[in-house]
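A.B. asks: Use the sequences and the hints to build the structure in full.
Protein chains in written order, with the working numbering: chain A, 1 to 350; chain B, 1001 to 1350; chain C, 2001 to 2350.
Hints in this document: simulated from the structure, not taken from any laboratory.
Any given hint could be a false lead.
Unchecked claim - 30 Å max Cα-Cα, derived DSSO-like pairs, lysine-lysine:
#1 C:K2078 - C:K2090
#2 A:K76 - C:K2196
#3 A:K295 - A:K330
#4 B:K1029 - A:K195
#5 A:K196 - A:K262
#6 C:K2295 - A:K29
#7 A:K317 - C:K2298
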Amino acid sequence: MQFSASQLATLLNGKLEGNPDVIVNSLAKIEEARKGMVSFIANPKYEEFLYTTRASVVIVNQTLTVGKPVSCTLIKVKDAYSSFALLLEKFSENNDLKNGIQQPSYISPTATIGKDVFVGAFAYIGDGAELEDHVQVHGGAFIGDHVQIGCQTVVHAGVKIYHDCIIGSQVTIHAGVVIGSDGFGFAPQSDGSYKKVPQIGNVVIEDNVEIGSNTTIDRATIGSTIIRRGVKLDNLIQIAHNVEIGENTVIAAQTGVSGSTKVGRNCVIGGQVGMVGHIHIADGTRINAQSGVSKSIKTYGTTVTGSPAADYISTLKSQAVFRNLPDLEKRITELENQIRLLATERESIQ
Amino acid sequence: MQFSASQLATLLNGKLEGNPDVIVNSLAKIEEARKGMVSFIANPKYEEFLYTTRASVVIVNQTLTVGKPVSCTLIKVKDAYSSFALLLEKFSENNDLKNGIQQPSYISPTATIGKDVFVGAFAYIGDGAELEDHVQVHGGAFIGDHVQIGCQTVVHAGVKIYHDCIIGSQVTIHAGVVIGSDGFGFAPQSDGSYKKVPQIGNVVIEDNVEIGSNTTIDRATIGSTIIRRGVKLDNLIQIAHNVEIGENTVIAAQTGVSGSTKVGRNCVIGGQVGMVGHIHIADGTRINAQSGVSKSIKTYGTTVTGSPAADYISTLKSQAVFRNLPDLEKRITELENQIRLLATERESIQ
Amino acid sequence: MQFSASQLATLLNGKLEGNPDVIVNSLAKIEEARKGMVSFIANPKYEEFLYTTRASVVIVNQTLTVGKPVSCTLIKVKDAYSSFALLLEKFSENNDLKNGIQQPSYISPTATIGKDVFVGAFAYIGDGAELEDHVQVHGGAFIGDHVQIGCQTVVHAGVKIYHDCIIGSQVTIHAGVVIGSDGFGFAPQSDGSYKKVPQIGNVVIEDNVEIGSNTTIDRATIGSTIIRRGVKLDNLIQIAHNVEIGENTVIAAQTGVSGSTKVGRNCVIGGQVGMVGHIHIADGTRINAQSGVSKSIKTYGTTVTGSPAADYISTLKSQAVFRNLPDLEKRITELENQIRLLATERESIQ
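C.D. replies: And the structure:
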């Protein structure tokens, strides 16, 4: 796919400075761009590259003051980052879209397959499974019995979805994700062994969710583990049984949410966070990376950090003192010495 | 499957109050139950739901005092949670059991397949592998050469077991688990590069173990990495080479155990715990979530927490003071001011 | 494969004491070795086993003083550990090597397959993919469109490599690894939802890299996520988009590196470490297990620990005081009492 600078300017509703006829056919970072490429500068830190870049076209914020001559064509826009994201979309359109049923694949005779569905080689579609129109199931993915998948959802290579789970529309599930494995429920027995608590619920993924590679989402003991509309999960995340993640919450990689915990909507949760089970996290909560959340968060918009997690600002202050603890201890010892001296003198005065 | 309330009362050895003929056909949480469902109340926090639930039957502890009229049929038992777990089993019986060899699958001519074994489509059974009776290998699972799998073991979709590993009976291995990949052993060379130390051991999983999805268990350098009878591992756990996990120990998600560490029996280990290599953890140890265990634990029944992990109670006390560190520092500064004042006054007195 | 003790002595350039004709056919740890096995002692802690082992041959350091009679044949070498590693290699040679194309497998007609390539059953080779000579792609692995794989690289069962990624020579990729899934990039919208930022870059893995099972490496937004020559990654590691890991750096299990962070060469990074995005880690940095690195590390050879990570030695000192915090608080309270007493007395004196 290729565009002229003037086509880009029109597409982005921007103001062109330079050669309107120069052609670009790919995107690159400003420091790596070469001839025939379009790049952007959104962060002032990168402005210096404007004068040395070999990019043919650079998208910049209209507020940018260009102090020196530039060799590239500029397109000035309201928000360079958003404009570039739009171009990313233009250049990536239809990149992933495949069609038809590759062979060999396994589609149960009782499965229902919609229009324009793609099923890759070695994909497995179980009994009674339903794939709506334009679903893409890539090579080697496993769709268990009676699983439902909404339209335009993409299931990447090697995803495993256990029986009876329900996946919404326009969901993206990356390679290696496991959905619907048994929750971790075992009843201790008097001889020290454990007896499995059957996990007869399922997982429900609502529309517009994206799930990163090798993330695991366990089915509920009874009822459903629920990932609400618009949630974005990064890679290697653990979602335990009966958890609910609220609408438009984003969670970074390697975080774990323990059983029956309910996370609110519009939360932003860092990587490697852990949450204990059976707690509630208020809407709009921000949880910093590596935090350990051991109790419910009740107030909208709270930010927490640390393990055990506590209020962000006060934890930062405690961490600052922590770094000086050896010094603090010395000051206490010094005070003890001085007090002893004063007390001794007082006795000698009396 | 459906039961009358009186059948349930007989099954659970409970006392029925209400309509013995009402029919239930599924299970639900008390707050989500509808007509035709059976639920339970084990935790006093949920007793309020007894008066509003739409469940047809509710199982309660015989010690529960019912203060107001209820519309459901009650079954009073000694332990409502255990009774409900028993019902879960009744309702889930035979849910997973499949039979026969789906096509296409790959079974080496030198593999040995027992009676009533299930092999799903795209499953791979390597040279000399042995599957005992009633083993279930779901779609796309990979069983390497000379792997042995004991009777009634379930290998879920997309599990990968490397050559020569030994899996016991009645083991459940969830989707995406990797067993027997190479241990992480590399010898540093003088030029800064690393040379691989071959990993020629294997992994031995004993009977009645359950392994959560996407967990990884590396083969031993020499000898065996061993998961003892009755161990329960959650999702995304890392077990390094030459580790041994003792009988009936349970480990929550995302925990990592480094090479050659021996964990005792009947331990309870939280999520996101890390253990360094070459240490011993005593039987009956409890390790709290996110702990970092950097040395052996020698006493039975110890509880540790924190990173680096230390005794639970004393760490809680230190954490409480940590939250007040800025205040503590102010108190020290104040003391220093007062001491200075006292010292000055003393000089002016003298 | 079997060797006589005298063959081993020649191979290892060692001095033999005992029966030169005794035959060994496998390797074992000193405490587990039996007749017909060769073992080693490198660590003085294990010297006691020398007098009780049932191994036929034991390799020891030439500096070892043998204080009591031994029943095994000894081979004395300069470095017992290196010698044993060499034997491991001898015994493991050709263990993994397979040949030919198993059926059924899926190889796109536009893929290019080199000489002596192994493709396991249910492996998927996409359009335009290129596999150089001696590449091994095990059962159920997924090689996306236009992926390039260098000679002698081993791709284990169930690995998923997305389109357009580039893998070097003599790379080992363990089961369940995902390479090239989309980076975690979403632009917040005014209604609280997120819009996906397309990820049109790729992943480049250079030569001699080893990647542990179920590790995930995301493709770059634009440009490449790069794993340099000789890097060793353990299991369940997360490498985000646009990260670069420098030559010969080793990273232990369950560590996560956030987007656009550049890690230097010859770093040694422990398990469960987290790094925030957009930072630089100097060459030769050592990061202890469970550290949380929140800012760039600029000096070669720095060692850090803790979360947030700080200098190793000073953090150890702070941690030591942390364990005594309740005592420290008592000392402060005691000082306040004494000061109050002194101040009161001073007033009564005046």
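A.B. asks: If a hint holds in the structure, say so; if it does not, say that too.
C.D. replies: Verification of the hints:
{"no.": "1", "hint": "C:K2078 - C:K2090", "verdict": "19 Å, holds"}
{"no.": "2", "hint": "A:K76 - C:K2196", "verdict": "23 Å, holds"}
{"no.": "3", "hint": "A:K295 - A:K330", "verdict": "35 Å, violated"}
{"no.": "4", "hint": "B:K1029 - A:K195", "verdict": "20 Å, holds"}
{"no.": "5", "hint": "A:K196 - A:K262", "verdict": "24 Å, holds"}
{"no.": "6", "hint": "C:K2295 - A:K29", "verdict": "23 Å, holds"}
{"no.": "7", "hint": "A:K317 - C:K2298", "verdict": "25 Å, holds"}
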